[in-house]
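*Asks:* Please work from the sequences and hints to get the whole structure.
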Amino acid sequence: MRQHAAFRPWESEAPAQTRKQRIDETARPGPRPPSTTTRRAIVASLILLASAPAVFAGPRVDVVVADDAPKLEKFAAAELAAQLKRLFDADVRVAAKVPAAAGNLILIGSPATNPAIARAIGANWPKLSDQGHLLKSVGDAGALIVGGASPVATLWAVYELGHRYGIRYLLHGDYYPAQPAKFKLDSFDLVFEPELRLRAWRTINDFAIGPESWGLADQKKMLHQLAKLKFNRVVLAVYPWQPFVHYEFRGVKKQTGMLWYGQRYPVAGDTPGRDAFGGATEFDNPDFAGKRTYEERLKAGVTLASGIIDAAHELGMSAALAMSPLEFPKEFAKVLPGAKVLHTLENLVIGPGDRQPPDDPLLKQLTATQIRAYLDTYPRLDALYLTMPEFPDWVEHHEKAWHRLDARTGIGKHTDLATLIDAARKRKLTASGERGIRALKGNIAALDFLHGLMPDGAPLKRRGSQLDVTILDVDPALYPVLDKVLPSGTEALHFVDYTARRVAEQRSLLAAVPAKAVKSSLILTLADDNVGVLPQLATNHLHELVTEIRKLGWQGFSTRYWIPGDLEASVFYLARAGFDGRITPKSAYHELFAPMCGPGAVPALAKGFAMIEEATTLIDRNDLGFTFPVPGMVMRHYDAKSPPPAWWKKVSDLYGSAMDEIYRAQQRAHPQARPLTLYHAKRCEFAIHYIACLEAVRRAGLARDKKDRDGQVEHLESAVEAMHNALSTLGEVARDQSDRGVIAVVNAHGYRPLRAELDRLRK
Amino acid sequence: MSRSWLMTLSMLIFVAVARGEDWPQFRGVNGSGVSGSRSLPVHFSHKDKVLWQIKLGEGVSSPIVAGGRVFTTEMTPSQRFVVSCHEAASGKEMWRRELDMGPLPRITQPNSHASCTPATDGKRVYVHFSAVGLLAFDATSGAEVWRHPLPKPAYLMHWGASSSPIVHRDMVIFVMDDDLLPYVIAVDAATGKHRWKTLRPDMLAGYALPVMCEANGRTDLVVAGTGRLIGYDPSNGKELWTCKSLPRINMTSPVVKDGVVYVAVQSYGDPSRTLKFALLEWLDTNQDGKLARAEVPEEFRKKFDLSDRNKDGFLTGEEIDTAFQHPSNMVGGGSIIQAIKGGGHGDVTRTHLLWNRDKKIFPSNMSSPLVLGNRLYVVKKGGIGSCFDTATGKGMWEKKRIDNLGEYYASPVAADGKIYVAGQNGFVVVLADGPNQKTLARNDMGGRQIIATPAIADGRLFIRTADTLFCISNEAK
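Note that the protein sequences, when read in sequence, are chains F and H. Each residue of the first sequence is one higher than the one before, counting from 53 in my numbering. Each residue of the second sequence is one higher than the one before, counting from 11 in my numbering.
Be a bit skeptical, because a hint or two may be false.
[Claimed, not checked] Listed below are the simulated DSS-like cross-link pairs for lysine-lysine, each with C-alpha atoms no more than 27 Å apart in a straight line:
#1 H:Lys391 - F:Lys815
#2 H:Lys300 - F:Lys638
#3 H:Lys391 - F:Lys759
#4 H:Lys65 - H:Lys487
#5 H:Lys487 - F:Lys759
#6 F:Lys343 - H:Lys57
Worth flagging that the hints you see were computed from the coordinates, not collected in a lab. Please read these numbers as outputs of a predicted model, since none were measured by experiment.
*Replies:* Put into structure tokens, the structure is as follows:
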């Protein structure tokens, strides 16, 4: 046996020590007990017996992380120990130094943070970026370095090792394989560098179907999973009417602080799917439950947002806040004469009107006050995203704004306003034609305003730390001159259009962005709120976009979604594609589901997901707002004056076929994966019932128009029943606040209005 | 007082308290769903007319009541099986037995490992647990009296076990219709010792409760299963008669009144839909029109190998037809409501089928029929109810909404001229027993789903939701 002669450089760290010695020392923690106190000795012995190490069926593993290692590296060691225990029933011991006679040894960190790694690898430590990490076997006696160039990279290395052993990290938790890969520490020689350096996850946002309804406990769980998937930024997208900041301006105090545009969602009584609420009578974000005053909600909001920021930092992620600097709660109309009420649900927001030109000092002061309030409230933010208005009505001053921009930046040498307007008109985006022109003009005015706001940087200055600023939603017509129109030092996050498909089909626009001059990233819409509450997938379009931005040298992406339950496959793809350009949706699905479900289930699952993706595309092409979660989402079809369009049936058939495929996969899936496959199957079933409801509503409307009262009632009965079935189906598998949000919202805006109409007719 | 004296006293009290209003098994006496209780509330809720309520773990079994005690089963969060006893008047816990049943088999929601409704003869409580077999507990102390191991049931579609035992004289009778080795068995109620076992090789998975039918001077054990309603001699398990009029899947239970057995069931698909079609729809993962060995659950691989006559590793065409469904019983789906006269001999299909409705009817695939007087009631998904004349099968009212949508797993129960129908959505609808459809109330039990069939005893209604057992009574203040 050559084992004793093996290269074991770490052994020089600790004196030779027998196993018996170690046990003996363990038995005497702290000062030696008084020899005369026999009783205490017996008690101590009993305690020791009780706390004796458990019997492990798996291997003994020594994990070494330096005493003075960064907190994240120690956390990484603890995570690794927990994973190995669960995977292999391993006897894992975490120590600061390499124990003598260590068998299976894992070294955590880098040469800079762990002397044992420095000794083990010496000059062979590869050159890594700050996000680079590795799994590298060293010596010939089964030691493995799990490390990275930064503490968070080391944490990712640990999670990567878990992935290699078969763990799959999903948004809703970890799936451990029924049969883990063989435990081994040798023959690893893997280095991971990001292909997309920024992998951001957006949260809070708007609507009860989205993370706006998630409390801090759920947000933390989600962040933990995202860290395992190597996301490195969380973006808190907030709106002016929400309770996440307070400010006062010229005697007016912010008084609007609500969730979900102020909508409330009772779930008592006749609420199909209400089992999912565990007996609650009203759906709420748990952190806001029972908090009715502005002050109470503000406090809850700040606690939630601060908690997300802190939790992200603890996991090595940066935290950004995305806000609309030019939008304010409606009470500030008093101090902004001529301000416009913006087109939003419940008309809660105002923005600048034609009496506020971009160089208006009053507007500048109010904006600065708002930004300052956010930065003061959240001093630990790493980045601020300034969102251009989604529905820019601020077009009156665009010409003057253009001239000022030209004077500041010399943009007129590169293009002219007429050319840009022509581009905005002709492009094939949702914002094209007149809407496109308005969007561009509003954008120009807003950019001029931001230049005016930011020259001295005062609103964005902070004591003691750097704040990165990103401009969000610059109009695509301005992409070719992006480096000219953005304030100096800012980065850009591009929206382009509502769905991944729409952006993918216009991805040639992305090539115009001067990505070397302006750090750019792309909003990847995993699922769109306009497409709505039905299951959505867009992995193949996301793949096209990821491939494109990788090719163009962009920084990365930021997600956009509302219901995360449908998105496990897409998110897994993104997580892997962020570090490996060879990943495709097909390979990602196999990598994700083969260990979870067994290879026999993967083809059926992939087929099912492809059908959901096809359904998503059909909806997106035909009716972008098909199931947008707002009042009237169902009853608008009552007044549609036309029968259900043919594409609805196609969509319903696709969901039906997807459901069948997923149920087939479910038959073969390993036990631990079945809740996930069942969830996807039930989401498809939800969609089938939902569309059946809409079809019946349309027919009821037509019967009403023909004064066929019996037909009207009959179709309405069918509609009510179909929606009841849809919601009950979802209630059976609802697993997070977004799912419950869907049930609450569709009850409020779909089921109850239908029921009320039916009851009215029956009377 | 000596312990033996106390035991004697408690037994005397038990016997004294035990009355005809007990609900000693699934759906009460002989699975009828009918109680002689009076003065039951019409209007109630999770807050109103609640005499008591207790939290229960996950489970879909029904409570049973005997001698002033309620017996329930449940699973703990750590997946241990619990049998417990509570005082019916107060909800006070009398005893609780928590058991580790070892590795649990696969099941499909909303089934549960605690799905078997126990049965009692007042002395012991009998329950089936799929991973173990039959178990008996002392009704007074909760002590385990015996175990009778049984083969672990297996289901092609992974439904899982959900059958319940009954007590007949000094025997516990249990039907286990799974897809692998279906049988009916009788064991000694006092000792758990084997009395008789009759294989039912031509059956597929089903959950019908066995019922006793007194007719023609005999008391027969009657079991509904794949394609057939079969009468057995309860003393030895010998088959006495068969009525070949049922569809393939029977998840509902028949009910007996005045020597007539009433069956109402929906079995998925039309009469041509034999098991083969379901297998090719759901187990043929890659949809290549044949079944690979890996596509069949592990427990069925031996059967697979026997049927794979050309040994190519696939079941195709005729090989699939008879691989799991018995060649002598190739029935398909369909919906039927039938009345079959008991007490026959041999094949009674032509002689004892009193009436058969199999068109434009709406029985449930889960919720069993209820017979009250001369009326047979059924309720199915969507809250669609129908009522038939038991003498003729003629509809009294058909396909009427009972004002509560959703799925129905629980079967209707009745007492005091009122029919209680528990919907999965957590509402309990009260219908008036009568020739016209009349909904008396729709009672909200708080939002948790109801799968278990309620129980009625001593003027109390016992309703199990997903997490709570409610005792509803006019005694409540």
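*Asks:* Take the C-alpha atoms of Lys391 of chain H and Lys815 of chain F, compute the straight-line distance between them, and say whether it is at most 27 Å.
*Replies:* 25 Å, holds
*Asks:* Does Lys343 of chain F pair with Lys57 of chain H here, judged by a C-alpha cut-off of 27 Å?
*Replies:* 25 Å, holds
*Asks:* Lys65 of chain H and Lys487 of chain H were given as a pair; does the straight-line alpha-carbon distance stay at or below 27 Å?
*Replies:* 20 Å, holds
*Asks:* Regarding the pair Lys391 of chain H and Lys759 of chain F, is the alpha-carbon distance no greater than 27 Å?
*Replies:* Distance of about 30 Å is beyond 27 Å: violated.
*Asks:* Hint check: Lys300 of chain H vs Lys638 of chain F, CA-CA at most 27 Å. Holds or violated?
*Replies:* 25 Å, holds
*Asks:* Run the distance test for Lys487 of chain H versus Lys759 of chain F: straight-line Cα separation, threshold 27 Å.
*Replies:* Given that 27 Å is the threshold and the Cα spacing comes to 51 Å, the pair is violated.
In this structure, the earlier hints numbered 3 and 5 are contradicted, and the remaining ones agree with it.
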